[in-house]
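Given these sequences and hints, build the entire structure.
Here the sequence shown is numbered in full-length UniProt numbering, starting from 1 and rising by one per residue.
Just to be clear, a hint being listed does not mean it is correct.
Keeping only pairs whose Cα atoms sit at most 30 angstroms apart, straight-line, the calculated DSS-like set for lysine-lysine is [claimed, not checked]:
#, residue 1, residue 2
1, 366, 204
2, 510, 223
3, 327, 191
4, 500, 186
5, 530, 543
6, 351, 366
7, 500, 510
8, 565, 366
9, 204, 223
10, 356, 191
11, 510, 530
12, 204, 562
13, 18, 148
14, 567, 186
15, 113, 565
16, 327, 294
17, 562, 543
18, 480, 113
19, 189, 356
20, 366, 191
21, 500, 35
22, 767, 649
23, 327, 366
24, 530, 480
25, 327, 351
26, 148, 204
27, 186, 530
28, 565, 37
29, 530, 565
30, 562, 480
31, 223, 356
32, 186, 565
33, 219, 37
34, 22, 543
35, 18, 204
36, 562, 113
37, 35, 191
Now the in silico label distances, taken between C-beta atoms and shown as ranges [claimed, not checked]:
#, residue 1, residue 2, range
38, 625, 535, 43 to 49 angstroms
39, 597, 124, 15 to 21 angstroms
40, 222, 456, 31 to 37 angstroms
If you are wondering where the hints come from, they were derived from the structure by calculation, not from laboratory data. All C-beta atoms, glycine included, are put in the ideal place defined by N, C-alpha and C.
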Amino acid sequence: MPASRELTSELKHQMENKWQNKVGDYRFDASDTAKPKRYVLAMFPYPSGNLHMGHVRVYTISDAMARFYRLNGANVLHPMGWDAFGLPAENAAMQRQIPADTWTRRNIGEMRKQLEMLAFSFDWQREFATCEPEYYRWTQQLFLMLFKDGLAYQREALVNWDPIDQTVLADEQVDDNGCSWRSGAKVEKKKLRQWFIRTTSFAKPLLDGLSDPGLEDWKDIIKLQRHWIGECDGYSFELPLTEDPNSYISVWTREPDDLRDVLFIAVNPSHLINNTKRVDCTLDVTVRNPFTGKTLPVIVTESVPFPDGCDTYLAVDNEQNRASAAKFGLNLPAKEAASEKFSISAEEVLKQALAKQIGGHPVSSKLRDWLISRQRFWGTPIPIVHCPSCGPVPVPEHELPVRLPTDSVGIPLAQNEQWLQASCPSCQRTDCRRESDTMDTFVDSSWYFLRFIDAHNRSAMFDRALAQRLMPVDLYVGGKEHAVLHLYYARFVAHYLHSKGLLPSSEPFKRLLVQGMVMGRSYRVVSNGKYIPAGEVEIVDEKSNKAIERATGEPVTMLWEKMSKSKLNGVDPLEVLREHGCDTLRLILLADVAPTSHRNWSEATFPGILNWQKRLWLTMHDFRELRSKLSSTDQQPPTTDEFAEHEHKLWDARNYFTAGATFNYRYSHQLSVGISKMQGLTNAIRRAPPDVVAYGRQYERALAAQIIMLAPMAPHFAAELWEQLGTAPNRVEREERTSSGLQWDGGVFDQRWPEIDEEYPLDLTFKINGAECCILKIPAKRFNHLTHQESLDLALRQEPILKLIGKRPLRTSDFTLYPSCEAILNVDLDRAIVEDGDDAPKNKKDKKDKKAKKKKSLQVLHIG
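Shown next as structure tokens:
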């Protein structure tokens, strides 16, 4: 590279061209069992053809973490694929009159090029698209497993119909206003025969799984999942219609033995089509109680206490329900004496229900089974043949996949007569028809993380032994918009496969990192709500958020909103890449705000990162220049106290900022704070006087640590800086492999993550009500071998802590230990005081005064 002191955009691009495809080995080595595994997964994208800033942010986060784990000696799986089925591709292909697979593959090619331009370290050897027969063959296999176990079934049901997209939607895909999640159309009700997956049978395990201590950083996602599943405080049952035993009415009750003395079934009018004329009436159908054999009338009313989320009501024999029955003119038998009642216990009801596959699992009143039928072309075909003699018959496994007729353009499968014709796999009748519904795309994405384990296996979904080694996913990165549906379905599949002995654990994802959206500045005319581009806006006062439309002078509202074409506030990441380079774009997306927070995209935030890169480049230039001026006889460092003091400061800064950056990479995943720590190290390095730059060993080590910690975020820039450091003349540490672990004969990604020196004192911090009261400084060599119990024992020997907590017992659950970084003990003293009857703070001022006193009493104690 040219020996320029100024870091220009042109120079950055030259760097990136030079180091393209030379910044580490991205492949997971399945044969290497000596290294610890790390499975880092970013939610795979729909191939729209163009990357947006949200894509770039999520993959920058996952890539930084994958590279971090590799530098820490892990065998990392960081795959990428394509969630390629669905309505957008089908609609776009129909508009262009080309096959959907042609459109999809073209988009995949374009997006892959863009991802490669951003140097994401994906294991491309494991790439797949869900629209490939080699993939959906196993989605069909999963369906057949569920079908065999009674967890996939077809029923006539009142469903949500999207009149624009002409397909059924699951309840989860209809918003609170009754509109389609995708098209925005008002959803209609239709009665259709549909395929369902019995997710409710795993409702209780899915709810209980949210308390698994192995789930890290799920936070509010656990609340969302709990809310979706609901309290599993009852049971649902499917009661067959007397007139058509293949049709059912679902009911829910807290007490299963209620089913032995039911009077009638009530249905809410909203459960029916064209319900306006059918309120408060008796239907011309009856329900057979499978547990007693009795026939039950069905009424339509709004005046019974429907359970939360239910539109059916199980009317047990009591005075209130008998009064309701009388209103409808129902002829009910006289109330039976207890001795005359049909005797069946709650346990027997549940046992029979499970055996008949009509319910019996604990579930909330509002949770429904997963409706997977879609009446569109571009999706995984459901591998069922409908036979007039045998009914629905599964396609034999050796005949999978049931392939889509990809040469047709937008013809629904139900209209493709040639494709529909089939023979019965059971009785060989030739006048049978294939199932014409395709599966919801959420089925494809409910197990994709398992296929990445063994992406090209032709004999199984995945290798069981590999799954035992690699699951669960260690870090799952994605948007909060998938926090309910996708995570719920993926968790269900993992729980199901675990129950089959195929997975080592029921929960598929260990740590969840839900990244915030990238927000763009949008401008909306107040009078008509129209969005206008930034070029048509004149900002009157930025601070007070006042602006006008240039052409009309109309007031304009300035907002931060999710980037979208409709809001005219999108920013093309490729334009930023062309102007500033790949590494700068990555750093800008990671800096300033935590990955979990929304990122307001503004060029006002660029200077901080641009200046940091320039300072790093300037630092390396000046280092090489000073070292090149040393003669062969003038390489002994000064022996002055001032030189030694500056070297010690650099030793301290390297350890301090390395500990901070390591914590933010490994534990908190606050990568923006990690950048701040690295910038702090840069400042310390740049404060060094010329003689320390020219002769300092600690200066070299600090600079080396700086570059290695930067590498996961800015791989090309770090690779060039490392080469400049490694080839600098008159280095103090000249050996190819040094005692500090540096490998001068390798690149930056051949290094190991910087370690804390054994003598460096790490912080064992004790907090009372979140405020620090005592810090123990413990040398790293001792700190890294501390157990939780030893740390607690240390706490109980410190006078400042004993004064505050007295004889209250401490538990290991109060304590968190982060090896090589820090440890924190939190004790909720206010709670303890109240429990012990002491005087708790009475108001905010008292609490403020208490905290102020605690801050003043903070003590730092050095432990040998």
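Any hints this thing doesn't respect? Which numbers, in order?
-> 4, 8, 11, 12, 13, 25, 28, 31, 34, 35, 37, 39
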